[in-house]
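In order, the protein sequence lines correspond to chains F and Z. Numbering that gives the first Met the number 0 numbers the first residue of the first sequence as 0 and each following residue consecutively. Numbering that gives the first Met the number 0 numbers the first residue of the second sequence as 0 and each following residue consecutively.
Derived by calculation from the structure, the hints in this document are not laboratory data. In this text, all values refer to a predicted model and were calculated from it rather than measured experimentally. Please note that a few of the clues may not be correct.
Since the list gives no way to pick one copy over another, a pair counts as held whenever it fits inside one copy or between any two copies.
Stated by the list, open to error - Here are the computed lysine-lysine pairs in the DSS-like style, where the Cα-Cα straight-line distance is at most 30 Å:
1) K385 / K401
2) K137 / K108
3) K107 / K123
4) K448 / K197
5) K385 / K410
6) K229 / K137
7) K401 / K353
8) K124 / K452
9) K137 / K353
10) K108 / K123
11) K108 / K452
There are 2 protein chains.
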Amino acid sequence: MRIRIKAQHIDQVNQHLRNAYLCSTQPSVSPRTVVAPQPTPAIIDKGESSRYWVDPTNHMRLPKSLAAALYQTQNTQSKRSIGNMEKPSFQPKKVLILSKLTRYEFEKKVNKGCTDEQLASILKKRGSDYHGLLAKHKIHHSYLNTLQQELENAGIESRLVRRFGYTQDAVDWADAVFSAGGDGTFLMASSKVRTKQKPVIGINTDPQGSEGYMCLMRKLPEDNLAGALKKLFSGNFEWLYRQRIRITVTGDDGISDAIELHDQQLNRDPATTRWTDNPRSPAREMNIEECMSLSPPVKKRMISESKEVDIPIEKETVELPVLALNEVFVGESLSSRVSYYEIGLNDEQMLKQKSSGITICTGTGSTSWHFNINKLTEQCVQDLMKIVAEHCNLPQIPHTDKNAVSEICTKFNQQLIFDPDRRQLAFSVRDPIFNATFPPTDPRGFADKIRIKSRGYDAHLVIDGGISYRFNDGSEAVMEVRDEDNLRTVVFR
Amino acid sequence: MRIRIKAQHIDQVNQHLRNAYLCSTQPSVSPRTVVAPQPTPAIIDKGESSRYWVDPTNHMRLPKSLAAALYQTQNTQSKRSIGNMEKPSFQPKKVLILSKLTRYEFEKKVNKGCTDEQLASILKKRGSDYHGLLAKHKIHHSYLNTLQQELENAGIESRLVRRFGYTQDAVDWADAVFSAGGDGTFLMASSKVRTKQKPVIGINTDPQGSEGYMCLMRKLPEDNLAGALKKLFSGNFEWLYRQRIRITVTGDDGISDAIELHDQQLNRDPATTRWTDNPRSPAREMNIEECMSLSPPVKKRMISESKEVDIPIEKETVELPVLALNEVFVGESLSSRVSYYEIGLNDEQMLKQKSSGITICTGTGSTSWHFNINKLTEQCVQDLMKIVAEHCNLPQIPHTDKNAVSEICTKFNQQLIFDPDRRQLAFSVRDPIFNATFPPTDPRGFADKIRIKSRGYDAHLVIDGGISYRFNDGSEAVMEVRDEDNLRTVVFR
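With the rest of the complex left out, here is chain F (with noise of 0.2 Å):
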């Protein structure tokens, strides 16, 4: 697909690159961007082509009710914000890069011993492509060695780490931090850097793979890393501003280590088995390193009135030693399971709710889990307007109408997303459960401060769907926003 790219779209391409640029404080803005009014009618039978947007990477197509929320149009790029700017200059002396661990890297460490052909046949019977891991491995390290020389050769002294030696004495080491890898990655380098004196920047590794939201190239291929690595140094970009949550936790025993989900995802252990001493689970081996490669939390102690108990309860107050980027989970860690809590908004009162849990995000994280969970889609709006007409007797409400059904749709989805540097968090109720005893309350809402007290007793924070906490009944968590713990990054002219 590449090579497509390079022979017959790298003009347009780059032309919808420098047009996303333009609007990156909106994570989702990607190379897509600006096709989306343009369908390509070639592939698509007349009567539905106003209602489709088509890839021109891969020809898939996506209704324009979901193409226009996540891929930004230029017509809704306008509106955007371009966050807080100010004259920019790119000069590290130390760069710490974090590379993701590749599917290949992590296969041969989890079959240790085996030889290249059993490995491919264990992939195989899994129905992986052992070629396919490899190509991917071998353009990550391409990715990696290109910027490994461009940073020598503009005399910037740099350190290559993976996830386990990704601990906090490696970041402040370094006047900055590039990820290597897609948007999982470009997560995790944010989680670790707290002040916004240290930029982050991401390097998408598998363009083809990953949309690389939050990455410096989007999905430009490699040959354009030079180029846009000597525009980064040159000056030629401007800084972006994100919000990030920042997650207090009071609890009887203070916080639990943090869980790294995220290599568990690799891990074809059940990671069920997190907590055990089995040696042959590499995730355990993984685990420990993480564990040990987090700082251990801010505590301040306290002693606080429990509303359950007339004696005052020793608590300990911890600040988490990460910042959310998209969003924070606060639930059960097993999803079949419902969710008990209690919520307050900004100062107001606690209200208990029961559910599959909540989602509180960012700006940036809301076209992430937060727009999955409350987009509506055509099918739902179209039912939703033929009860109208029914019930208000309002046969000219176009219900059978695709393409108007669509723009209603388009209209209620973008609603749901907002800038990254919007000082507020969304929240989202996940199958919330109503009842007499449980009143319903709205579903979805913003905020500018969120205590959440558990009643849960397998329940868990977790941080950009990558790092998680346990947090059981006892315990209370406040998310806020606050400038100070805003994520510093770049964006091209």
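Let chain F serve as the given structure and place chain Z on it in line with the hints.
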């Protein structure tokens, strides 16, 4: 509260119950049912009174948009079918009683060796009330005694078991099964009764705390139990048949042991230790018993062509020993993780999907998780009506009229619910992820047969939120409804 009911509401409640019995193919019918259209004006401000329904037992109020769907009104009841009926006679010789483990019993088990005073302070620290647990424990056992006494008076031999003793042998021994607990205990009882010759009858032993949707007396106080049982033995009732889901799994290595989630629900140790050999974990003890208590799956050897490989792989096809009465959840075990699978409706082509997992439910389950995933709130309906009004330039669309919004919301939500005897499955995709690689599909719909192929690495099939089987990459499940799998239960005339 029970006293208040007896003093002031008992006639009214009995009237409600008689009505409820008449329409109880709808699992959500409860004594509250028939008051839905008659809110108590006393506690509601006039402007809103027509939008709210008030629970007569605790005076909590619920918007009609939910009450009408969850607590069927007479109006909607009359539209509902009563299921297949036959001339009833209930003359069992041997009855098995499945009793829930009360929270009190569980805490005693977990905190072995604690005095009642020590247990009280442990519970207090967690915000739980020792005396409350003890009171509920005593009420539960009072129900059990009455039930056993009445069975003896009727010359029926009975055996009392807890979950751990609820083995296939015990079920095979009995002519009928009584569940003593809430709806969770009823689901557990149902799960091991495969023949529709063997009725399952639910006794709600916590009418104040549990809805008892599927139970014989719903929320009726204990005083009515003896009378209800006499009514039953005298044949003054009707049979009700509920459709259930049969699950057949094909995988490289069959399926794992079943994991009991219900018992973990009470367990203070993290459920994520359930695979460990930690002797201090009561969950472990319970799971050993539980795994033993499930009969081995029915295995059929077969050879199937796998799409991913060019050589045939020997796979094992297994029919799960339990049937789902509410729903089957398929997805990653951890809430914060994306689920990846392929789905095929009936005999259509398989489609790849990414989501937070999928539920497949019966009509009985259509008021449960399925409803909570798909229901719209008035907030959402109002937003959408406003957009339709603006987009179509139809100012007469009453998006500011709370009653109209509520009624339209009600109509939409009621369409989600279907009859327990309908021979179809409904699926709901949770938080579906759509992009150019994963084009949108309808997030909900009906099918006679649903096939799911796992692409997960810590995925599970969870049956009625209680029993979990590993379901990882390479495994395939077929879910279908068959008349011979019906659950036979009882409703009163």
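Okay, the hints, checked on the actual structure:
1. Within a single copy, K385 and K401 get their C-alpha atoms as close as 12 Å, and across copies as close as 19 Å, so both meet the 30 Å cut-off.
2. Proximity of K137 and K108 under a CA criterion of 30 Å is satisfied intra-copy only: 17 Å inside one chain copy versus 56 Å between copies.
3. Proximity of K107 to K123 under the C-alpha cut-off of 30 Å is restricted to the intra-copy arrangement: shortest distance 14 Å within a copy versus 51 Å between copies.
4. Within a single copy, K448 and K197 get their C-alpha atoms as close as 25 Å, which meets the 30 Å cut-off; across copies the closest is 54 Å, which misses it.
5. For the identical chains of this complex, K385 and K410 are neighbours both inside a copy (18 Å) and across copies (11 Å), given an alpha-carbon limit of 30 Å.
6. In this assembly of identical chains, the alpha carbons of K229 and K137 lie at most 30 Å apart only when taken from the same copy (23 Å versus 76 Å across copies).
7. Taking identical chains as interchangeable, the C-alpha atoms of K401 and K353 lie at most 30 Å apart only when they sit on different chains, with a minimum of 25 Å there against 36 Å within one chain.
8. Taking the closest pair of Cα atoms, K124 and K452 come within 30 Å of each other only across two copies (15 Å); inside a single copy the shortest separation is 45 Å, beyond that limit.
9. Within a single copy, K137 and K353 get their C-alpha atoms only as close as 47 Å, which misses the 30 Å cut-off; across copies the closest is 27 Å, which meets it.
10. Within a single copy, K108 and K123 get their C-alpha atoms as close as 17 Å, which meets the 30 Å cut-off; across copies the closest is 47 Å, which misses it.
11. For the identical chains of this complex, K108 and K452 are inter-copy neighbours only, at 27 Å across copies versus 40 Å inside a copy, given an alpha-carbon limit of 30 Å.
In terms of the numbered hints stated before, the structure departs from none.
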